[in-house]
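Student: Given only the sequences and the hints, what does the whole structure look like? Please build it.
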Amino acid sequence: MRILLIEDEAPLREELVGRMRAEGFAVDAAGDGEEGLYYGLEYPIDVAVVDLGLPKLSGMEVIARLREADRKFPILILTARDAWQEKVAGLEAGADDYLVKPFVIEELMARINALVRRSAGWARAELEAGPYKLDTAAQTLAVEGEPVELTSYEYKVLEYLLLHAGEVISKMRLTEHIYDEDFERDSNVIEVFIGRLRRKIDPDGVWKPIETLRGRGYRFRQFDRERA
Amino acid sequence: MRSLTQRLLLAATAVLILFLGSMGLILDAAIRDSLAKAVRERLQAHVYTLLAVAEVTPDGALLMPDELPEARFSRPDSGLYARIAGQGFDWQSPSSMGENPQLPVQPLAPGEVEFLEQADIGPEEAFVLRQGLAWEVDDGDQAFVIVVAEHERVFNAQVAEFRRTLWIWIGAGAALLLLVQLWIMRWGIRPVRVLAAELDDIKRGHAERIRRAYPRELELLTESLNAFITSERENLDRYRNRLSDLAHSLKTPLAVLRAALEGRDDGGEVITQIDRMDELVGYQLKRARAAGHLTLSQPVSIERHAEQIAGSLEKVHAEKQVACSFEIDPGAAFHGERGDLLELLGNLLDNAFKWCRREVVLTAVVLPAGTALRPGIRILVEDDGPGIAEDEVERVVRRGVRGDEQVPGHGIGLAIVGEIVDMYGGRIDIGRSDLGGARVTVEFPPR
Numbered sequence: 001m002r003i004l005l006i007e008d009e010a011p012l013r014e015e016l017v018g019r020m021r022a023e024g025f026a027v028d029a030a031g032d033g034e035e036g037l038y039y040g041l042e043y044p045i046d047v048a049v050v051d052l053g054l055p056k057l058s059g060m061e062v063i064a065r066l067r068e069a070d071r072k073f074p075i076l077i078l079t080a081r082d083a084w085q086e087k088v089a090g091l092e093a094g095a096d097d098y099l100v101k102p103f104v105i106e107e108l109m110a111r112i113n114a115l116v117r118r119s120a121g122w123a124r125a126e127l128e129a130g131p132y133k134l135d136t137a138a139q140t141l142a143v144e145g146e147p148v149e150l151t152s153y154e155y156k157v158l159e160y161l162l163l164h165a166g167e168v169i170s171k172m173r174l175t176e177h178i179y180d181e182d183f184e185r186d187s188n189v190i191e192v193f194i195g196r197l198r199r200k201i202d203p204d205g206v207w208k209p210i211e212t213l214r215g216r217g218y219r220f221r222q223f224d225r226e227r228a
Numbered sequence: 001m002r003s004l005t006q007r008l009l010l011a012a013t014a015v016l017i018l019f020l021g022s023m024g025l026i027l028d029a030a031i032r033d034s035l036a037k038a039v040r041e042r043l044q045a046h047v048y049t050l051l052a053v054a055e056v057t058p059d060g061a062l063l064m065p066d067e068l069p070e071a072r073f074s075r076p077d078s079g080l081y082a083r084i085a086g087q088g089f090d091w092q093s094p095s096s097m098g099e100n101p102q103l104p105v106q107p108l109a110p111g112e113v114e115f116l117e118q119a120d121i122g123p124e125e126a127f128v129l130r131q132g133l134a135w136e137v138d139d140g141d142q143a144f145v146i147v148v149a150e151h152e153r154v155f156n157a158q159v160a161e162f163r164r165t166l167w168i169w170i171g172a173g174a175a176l177l178l179l180v181q182l183w184i185m186r187w188g189i190r191p192v193r194v195l196a197a198e199l200d201d202i203k204r205g206h207a208e209r210i211r212r213a214y215p216r217e218l219e220l221l222t223e224s225l226n227a228f229i230t231s232e233r234e235n236l237d238r239y240r241n242r243l244s245d246l247a248h249s250l251k252t253p254l255a256v257l258r259a260a261l262e263g264r265d266d267g268g269e270v271i272t273q274i275d276r277m278d279e280l281v282g283y284q285l286k287r288a289r290a291a292g293h294l295t296l297s298q299p300v301s302i303e304r305h306a307e308q309i310a311g312s313l314e315k316v317h318a319e320k321q322v323a324c325s326f327e328i329d330p331g332a333a334f335h336g337e338r339g340d341l342l343e344l345l346g347n348l349l350d351n352a353f354k355w356c357r358r359e360v361v362l363t364a365v366v367l368p369a370g371t372a373l374r375p376g377i378r379i380l381v382e383d384d385g386p387g388i389a390e391d392e393v394e395r396v397v398r399r400g401v402r403g404d405e406q407v408p409g410h411g412i413g414l415a416i417v418g419e420i421v422d423m424y425g426g427r428i429d430i431g432r433s434d435l436g437g438a439r440v441t442v443e444f445p446p447r
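Sequence lines, in order, name chains A and B.
Residue numbers 1 to 228, in my numbering, belong to the letters of the first sequence in order.
Residue numbers 1 to 447, in my numbering, belong to the letters of the second sequence in order.
Treat the hints loosely; a few may be bogus.
What the hints assert, rightly or not - Heads up, simulated BS3-like pairs for lysine-lysine below, C-alpha to C-alpha not over 30 Å straight-line:
1. 320(B) to 72(A)
2. 133(A) to 72(A)
3. 354(B) to 72(A)
4. 133(A) to 320(B)
Note that these hints are calculated values from the structure, not bench results.
Tutor: Here it is as structure tokens:
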């Protein structure tokens, strides 16, 4: 998942970036509205966290311009201004959720995960596909009820594929959504991840959940996917 | 005296009565004088015509013709009498028969004329003109007196007639002038009345500012009023923005601190203190931000703002698929500041969305204005959640106390609602809804 964080307070930004990376997000962090808007428009962002009080371009303006440019990824507002007038204005400008500063980081991460899921059309915290059950709140995977240990990168790859089950995801797209820009992009790494993931979640090769489409990418098989 | 029109009208009427009254009196006196003068001239003329027909014999006797030049001298009780008296004769006009008036014949020097008003000649008062004369006869001059009298009833009737006409005209003139004055006054004061009506509209919230053009004398006032209305609004905005900035600059460092401490094992106590600080700052700032009653504010639509808030909350609580329904009286409006209404509805609905299982109902009932200027409003927010236990109610509404520690920000919500309700002289009541959960009622009486 590629996350855009726009927060002008450097210490808070660093703290959040660290925390998000640790949870397996690819993070694009910006310190002002203009830079943030640029990332939002140019990068394949999955979810954005925007502080409202930003230098150069206000958070509200950034949100409005992103929506104007037809960027549909979910946006969470971070704000110290907790008047309803401002919350409503932010949500009406196109944001999907808000969190008032100071906040508990766990809560921020939970909200981000919920937004990502929701935007992919999943209403519940558990993503189910055939024998697979991915708990996005706890970030755990169970195969036929048996828990399977995944690294955070493996988890993110699987989550991304599962959220977009049935769609063909190119290696390029997968890389963009999983890694930061400063990560050395090497498509071999993705292949290695996919290989490891397949061995972990389908050790006996029974379900073949991840299909490889030559030259086009990967696709998570559509079991009878339940969208609640 | 409470009305400008009344005041002006009273003054104008007094002046008018004084002026027209004295004018009437002066005219009355003048006309009476000139009528009296006319009587005198008439009597003088009678004297001359009588003299013209009188004949004196050489031996000094007076001969008067039977046919007198003025018929009234011959008709008894005509009111006009004559008498000529001298040495050896005393002639009285035939009209004197019957009533027998006593015309005074004291001698006068020849050529002397005496005019009397209200002379008592019986049976009533009369104008009397007496003239002393002398005739040349054989044995020298013979002096005698000629007296002509006219009863005043004719004159009085004339004066009365004139008076009636005079006062009728003065009365009609006064009435007309008063009417014209009344109209002028209403016309002159009209801008003030229109202004009053416009202000009333603004107070009732039908208008935002004074729009019409007014005469120069009022322009200064209307401009100041408009400036006042705008500045009340602007000052509030400015004040809010400052508070917002203050909140931002206080809370961001708290957020930084909290984030930095969260990863550490020894951060627990400090984090608790940070949360308390945050709570306090948030509560006090929200309290300071509430505007309370504005003198001249437009009514704020409940429906539109409830829609906004519910729309926002549906986004935030999308997971929960809350069924939020409204039962809002058409035209239900909050007579106060928009930010206050948003804060009120925001906190009430936010709590309801947080605590409900599936259902939230917002009801708004208009309380008729009756004799008050603006109608009141009752707003109910209900949910089907666990509700608020009776012994908790006091704690939840009590200022700055958090009702629940699990859901951040829940605690100050109702306390803020309580503050706002207080500011507008309303009341808040927490009970149990038929849906099973909490029912919060806020009521703003008509005012």
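Student: None of the hints should be skipped; say for each whether it holds.
Tutor: Right, here's what the structure says about each hint:
1. 320(B) to 72(A): Given pair residue 320(B), residue 72(A) holds - Cα atoms ~22 Å apart, limit 30 Å.
2. 133(A) to 72(A): This hinted pair holds, its Cα atoms lying about 27 Å apart.
3. 354(B) to 72(A): 26 Å, holds
4. 133(A) to 320(B): Measuring from Cα to Cα gives roughly 21 Å; hence the hint holds.
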